[in-house]
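Student: Chain by chain, the residues run as shown.
2 protein chains.
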Amino acid sequence: MSLLTVGTVAFDAIETPFGKVDKIVGGAATYISIAASYFNNDINLVSVVGDDFPNADLNDLKKRGVDLSGLQIKKGEKSFFWSGKYHDNMNKRDTLVTDLNVLADFDPVLPEAYKKSDYVMLGNLTPAVQKRVLDQMKKRPKLVAMDTMNFWMDIAMDELKTVIKRVDILTINDEEARQLSGKYSLVAAAKEIFTMGPKFLVIKKGEHGALLFYKDEIFYAPAMPLETVYDPTGAGDTFAGGFMGYMAQSGRASFANMKRAMIYGSALASFCVEQFGTEAIKPLDKKQIDERVKQFAKLVQFSM
Amino acid sequence: MSLLTVGTVAFDAIETPFGKVDKIVGGAATYISIAASYFNNDINLVSVVGDDFPNADLNDLKKRGVDLSGLQIKKGEKSFFWSGKYHDNMNKRDTLVTDLNVLADFDPVLPEAYKKSDYVMLGNLTPAVQKRVLDQMKKRPKLVAMDTMNFWMDIAMDELKTVIKRVDILTINDEEARQLSGKYSLVAAAKEIFTMGPKFLVIKKGEHGALLFYKDEIFYAPAMPLETVYDPTGAGDTFAGGFMGYMAQSGRASFANMKRAMIYGSALASFCVEQFGTEAIKPLDKKQIDERVKQFAKLVQFSM
Numbered sequence: 001m002s003l004l005t006v007g008t009v010a011f012d013a014i015e016t017p018f019g020k021v022d023k024i025v026g027g028a029a030t031y032i033s034i035a036a037s038y039f040n041n042d043i044n045l046v047s048v049v050g051d052d053f054p055n056a057d058l059n060d061l062k063k064r065g066v067d068l069s070g071l072q073i074k075k076g077e078k079s080f081f082w083s084g085k086y087h088d089n090m091n092k093r094d095t096l097v098t099d100l101n102v103l104a105d106f107d108p109v110l111p112e113a114y115k116k117s118d119y120v121m122l123g124n125l126t127p128a129v130q131k132r133v134l135d136q137m138k139k140r141p142k143l144v145a146m147d148t149m150n151f152w153m154d155i156a157m158d159e160l161k162t163v164i165k166r167v168d169i170l171t172i173n174d175e176e177a178r179q180l181s182g183k184y185s186l187v188a189a190a191k192e193i194f195t196m197g198p199k200f201l202v203i204k205k206g207e208h209g210a211l212l213f214y215k216d217e218i219f220y221a222p223a224m225p226l227e228t229v230y231d232p233t234g235a236g237d238t239f240a241g242g243f244m245g246y247m248a249q250s251g252r253a254s255f256a257n258m259k260r261a262m263i264y265g266s267a268l269a270s271f272c273v274e275q276f277g278t279e280a281i282k283p284l285d286k287k288q289i290d291e292r293v294k295q296f297a298k299l300v301q302f303s304m
Numbered sequence: 001m002s003l004l005t006v007g008t009v010a011f012d013a014i015e016t017p018f019g020k021v022d023k024i025v026g027g028a029a030t031y032i033s034i035a036a037s038y039f040n041n042d043i044n045l046v047s048v049v050g051d052d053f054p055n056a057d058l059n060d061l062k063k064r065g066v067d068l069s070g071l072q073i074k075k076g077e078k079s080f081f082w083s084g085k086y087h088d089n090m091n092k093r094d095t096l097v098t099d100l101n102v103l104a105d106f107d108p109v110l111p112e113a114y115k116k117s118d119y120v121m122l123g124n125l126t127p128a129v130q131k132r133v134l135d136q137m138k139k140r141p142k143l144v145a146m147d148t149m150n151f152w153m154d155i156a157m158d159e160l161k162t163v164i165k166r167v168d169i170l171t172i173n174d175e176e177a178r179q180l181s182g183k184y185s186l187v188a189a190a191k192e193i194f195t196m197g198p199k200f201l202v203i204k205k206g207e208h209g210a211l212l213f214y215k216d217e218i219f220y221a222p223a224m225p226l227e228t229v230y231d232p233t234g235a236g237d238t239f240a241g242g243f244m245g246y247m248a249q250s251g252r253a254s255f256a257n258m259k260r261a262m263i264y265g266s267a268l269a270s271f272c273v274e275q276f277g278t279e280a281i282k283p284l285d286k287k288q289i290d291e292r293v294k295q296f297a298k299l300v301q302f303s304m
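Respectively, the protein sequence lines represent chains R and P.
Sequential numbering of the first sequence, starting at 1, is according to my numbering.
Sequential numbering of the second sequence, starting at 1, is according to my numbering.
Derived from the structure by calculation, the hints contain no laboratory data.
From the three backbone atoms N, C-alpha and C, an ideal C-beta is built for every residue, glycine too.
Incorrect hints may appear among the rest.
Distance windows between CB atoms, simulated [stated by the list, open to error]:
{"hint": "1", "chain 1": "P", "residue 1": "LYS199", "chain 2": "R", "residue 2": "MET304", "range": "19 to 25 Å"}
{"hint": "2", "chain 1": "P", "residue 1": "ASN91", "chain 2": "R", "residue 2": "GLY197", "range": "27 to 33 Å"}
{"hint": "3", "chain 1": "R", "residue 1": "LYS63", "chain 2": "P", "residue 2": "ASN257", "range": "46 to 52 Å"}
{"hint": "4", "chain 1": "P", "residue 1": "GLU175", "chain 2": "R", "residue 2": "GLY19", "range": "19 to 25 Å"}
{"hint": "5", "chain 1": "R", "residue 1": "ALA297", "chain 2": "P", "residue 2": "LYS199", "range": "20 to 26 Å"}
{"hint": "6", "chain 1": "P", "residue 1": "THR195", "chain 2": "R", "residue 2": "ASP105", "range": "54 to 60 Å"}
{"hint": "7", "chain 1": "R", "residue 1": "LYS20", "chain 2": "P", "residue 2": "MET1", "range": "50 to 56 Å"}
{"hint": "8", "chain 1": "R", "residue 1": "GLY197", "chain 2": "P", "residue 2": "THR195", "range": "28 to 34 Å"}
{"hint": "9", "chain 1": "P", "residue 1": "MET304", "chain 2": "R", "residue 2": "ASP57", "range": "40 to 46 Å"}
{"hint": "10", "chain 1": "P", "residue 1": "MET304", "chain 2": "R", "residue 2": "MET196", "range": "52 to 58 Å"}
{"hint": "11", "chain 1": "P", "residue 1": "ASP290", "chain 2": "R", "residue 2": "LYS63", "range": "49 to 55 Å"}
{"hint": "12", "chain 1": "R", "residue 1": "LYS142", "chain 2": "P", "residue 2": "LEU226", "range": "40 to 46 Å"}
Pairs of lysine-lysine residues, derived as PhoX-like cross-links and limited to a Cα-Cα distance of at most 20 Å, are as follows [unchecked claim]:
{"hint": "13", "chain 1": "P", "residue 1": "LYS294", "chain 2": "R", "residue 2": "LYS259"}
{"hint": "14", "chain 1": "R", "residue 1": "LYS92", "chain 2": "R", "residue 2": "LYS74"}
{"hint": "15", "chain 1": "R", "residue 1": "LYS92", "chain 2": "P", "residue 2": "LYS205"}
{"hint": "16", "chain 1": "R", "residue 1": "LYS294", "chain 2": "P", "residue 2": "LYS215"}
{"hint": "17", "chain 1": "P", "residue 1": "LYS205", "chain 2": "R", "residue 2": "LYS205"}
{"hint": "18", "chain 1": "R", "residue 1": "LYS298", "chain 2": "P", "residue 2": "LYS294"}
{"hint": "19", "chain 1": "P", "residue 1": "LYS191", "chain 2": "P", "residue 2": "LYS165"}
{"hint": "20", "chain 1": "P", "residue 1": "LYS298", "chain 2": "R", "residue 2": "LYS215"}
{"hint": "21", "chain 1": "P", "residue 1": "LYS205", "chain 2": "R", "residue 2": "LYS294"}
{"hint": "22", "chain 1": "P", "residue 1": "LYS294", "chain 2": "R", "residue 2": "LYS215"}
{"hint": "23", "chain 1": "P", "residue 1": "LYS92", "chain 2": "R", "residue 2": "LYS259"}
{"hint": "24", "chain 1": "R", "residue 1": "LYS183", "chain 2": "P", "residue 2": "LYS92"}
{"hint": "25", "chain 1": "P", "residue 1": "LYS294", "chain 2": "R", "residue 2": "LYS205"}
{"hint": "26", "chain 1": "P", "residue 1": "LYS183", "chain 2": "R", "residue 2": "LYS92"}
{"hint": "27", "chain 1": "R", "residue 1": "LYS92", "chain 2": "P", "residue 2": "LYS92"}
{"hint": "28", "chain 1": "R", "residue 1": "LYS298", "chain 2": "P", "residue 2": "LYS298"}
Please model the complete structure; the sequences and the hints are all you need to start from.
Tutor: Right under this line is the structure:
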């Protein structure tokens, strides 16, 4: 079934303790689309770039089954650019540069064909843009997931909450769950966040894995311990893309399916961090992904 | 089979965001012995206290099958006292007071009956004391586990390494694994630490669970997400006690058994943090522990 995603399509400059890249293709919607494409070839992308964005990368997305009719290409303008540097503890990073460029006045316009998409993944963006996308849908999608971050909680909490109210699944990290809920315990945070609208909560904990909360149930998807972690950029978006790509393919929003989606998302994210940018997740095949999923199963397997 | 443990038996004063206690019974060997007692009633304790230590608590240990003939009681002296305050992020704490008292010149002397113990759990203590215990063993135990901390890495790394060389299992936290190995990746850290002697490495990550490394295998035991975490003090020792208590009972140092031991240790630790000090782990029964273990199984269970 069709998966609509909105998010940035952009350039990144990244420095980690293991290397540095000056200008590579990134952006939440890029990672989401590539990851989702391993499960689903009916992806509707909503975003904006300048005319500096490489055609080769757009063509690569098209080949993966990503519809780009919702991608605005602004003549004479520049694509969004983000630059960041990771600490030795790669769970933290400093933002060095944020050039909004085309993103400054981005007004997402959904092509007619997008408006009945079955699944929606709202990538991390200003809540106003996420809301504009939902407002244009002609029917209530089967499942709406939303990613966001502490930045929007700091400067636009009220508006953010009006969007959160309309989604089924919220994906945030542990600190953000604490900030949003005002609760320290993640179990208590989940209960509080459920009163805000979402039925499902995914708490991403980077190298410590991810938790899925649903009613009184909790599922813990570990992160794969890796020998080489070069660049965590995009891991959360890759997780979300794998997660929603799997859900859109499987067609049923059951807890059991969502647990599998957590593992597929975690598997994709585990590839993502092994190289810079989208390098590692672009050339994957189904067999490699299934192999990694088996490793996840083995990682937590025990018998009593 | 018999389990020998050495570590502190002491008083703690603890402040967490959720409360404060002035002087309660604590110490690594206390937590280890109580946790292990749910699996094993042949525990040989080596430690030292002053004559200020409550008889009621010593009797409680005896009732659990803990032999106290290796516990020195120093007349006119005071027991070890530690006081700490946890940050809002309960993974960090500041030590406020460390009164060594009887621990300052502690020379562990093993009763004859202890010297052929099958299993040994060296609780966190100065490496010299841990070494003295091993030196007195009359036969190589089936399995020796050792806990330590960054403090000893800072001030006594060389001596620490001579003890690490002699143990089968090292249990440390993620930052300590990085400090000891000089490697950021925990997979790389494990490989490095294996060259130092241990065949098994347990990396404790607090609320993020624990990892067991053995050769090229990795097992991830999650921590139970809890609604109320009052006090993390002793959780690592409780984990170690449950782990080694289970191993001593099961009698075989296989990887499969060790995975089960990780889950039992994690289950005990999950009780520990729900109340201050040893309050939560003292009144448990087998049924409660098995119930918690089932919850752990459910937490990570998925089918592909």
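Student: Against this structure, judge whether each hint is valid.
Tutor: Against the structure, the hints:
1. Taking the beta carbon of each, LYS199/P and MET304/R are about 24 Å apart, inside 19 to 25 Å as hinted.
2. Separation of ASN91/P from GLY197/R is about 30 Å and conforms to the stated range, judged on CB atoms against 27 to 33 Å.
3. Distance hint check: the CB atoms of LYS63/R and ASN257/P are about 49 Å apart, consistent with the given range 46 to 52 Å.
4. Checked against the hint of 19 to 25 Å, the C-beta distance between GLU175/P and GLY19/R comes to roughly 23 Å, which is consistent with it.
5. Checked against the given bound of 20 to 26 Å, the beta carbons of ALA297/R and LYS199/P, roughly 25 Å apart, stay inside it.
6. Distance hint for THR195/P and ASP105/R: a CB-CB separation of about 57 Å, consistent with the stated range 54 to 60 Å.
7. Range check, LYS20/R to MET1/P: Cβ separation about 54 Å, and the 50 to 56 Å hint holds.
8. Under the hint 28 to 34 Å, the C-beta atoms of GLY197/R and THR195/P, about 52 Å apart, miss the expected range.
9. A C-beta distance of roughly 32 Å is found between MET304/P and ASP57/R, which places it outside the suggested range of 40 to 46 Å.
10. For MET304/P and MET196/R, the hinted distance range of 52 to 58 Å is not satisfied, since their beta carbons lie about 32 Å from each other.
11. The hinted range of 49 to 55 Å is satisfied by ASP290/P and LYS63/R, whose Cβ atoms lie roughly 53 Å apart.
12. Distance hint for LYS142/R and LEU226/P: a CB-CB separation of about 33 Å, inconsistent with the stated range 40 to 46 Å.
13. For the proposed pair LYS294/P and LYS259/R, the alpha carbon gap of about 18 Å is at most 20 Å, so the pair holds.
14. Using a Cα cut-off of 20 Å, the hinted pair LYS92/R and LYS74/R is violated, with the two alpha carbons roughly 33 Å apart.
15. A C-alpha spacing of about 17 Å is found between LYS92/R and LYS205/P, which places the hinted pair at or below 20 Å, so the restraint holds.
16. About 19 Å separates the Cα atoms of LYS294/R and LYS215/P, which keeps this hinted pair within 20 Å; it holds.
17. For the hint pairing LYS205/P with LYS205/R, the CA-to-CA distance comes to about 12 Å; that is within 20 Å, so the pair holds.
18. This hinted pair checks out: LYS298/R and LYS294/P have alpha carbons roughly 18 Å apart, not beyond 20 Å.
19. With a C-alpha separation of about 14 Å, the suggested pair LYS191/P and LYS165/P falls inside the 20 Å cut-off, and the hint holds.
20. Note on LYS298/P and LYS215/R: the hinted pairing holds, with a Cα-Cα distance of about 15 Å set against a maximum of 20 Å.
21. Note on LYS205/P and LYS294/R: the hinted pairing is violated, with a Cα-Cα distance of about 24 Å set against a maximum of 20 Å.
22. The straight-line distance between the Cα atoms of LYS294/P and LYS215/R is roughly 19 Å, inside the 20 Å bound, and the hint therefore holds.
23. The suggested pairing of LYS92/P with LYS259/R is violated, with an alpha-carbon distance near 31 Å, which exceeds 20 Å.
24. A hinted pair counts as satisfied when its Cα atoms are at most 20 Å apart, and LYS183/R with LYS92/P qualifies at roughly 18 Å.
25. With a CA separation close to 24 Å, the supplied pair LYS294/P and LYS205/R exceeds the 20 Å bound.
26. A hinted pair counts as satisfied when its Cα atoms are at most 20 Å apart, and LYS183/P with LYS92/R qualifies at roughly 18 Å.
27. Distance restraint check for LYS92/R and LYS92/P: the Cα-Cα separation of roughly 17 Å lies within the 20 Å cut-off, and the hinted pair is therefore satisfied.
28. For the hint pairing LYS298/R with LYS298/P, the CA-to-CA distance comes to about 15 Å; that is within 20 Å, so the pair holds.
The structure is inconsistent with the numbered hints 8, 9, 10, 12, 14, 21, 23, 25, although it conforms to all the rest.
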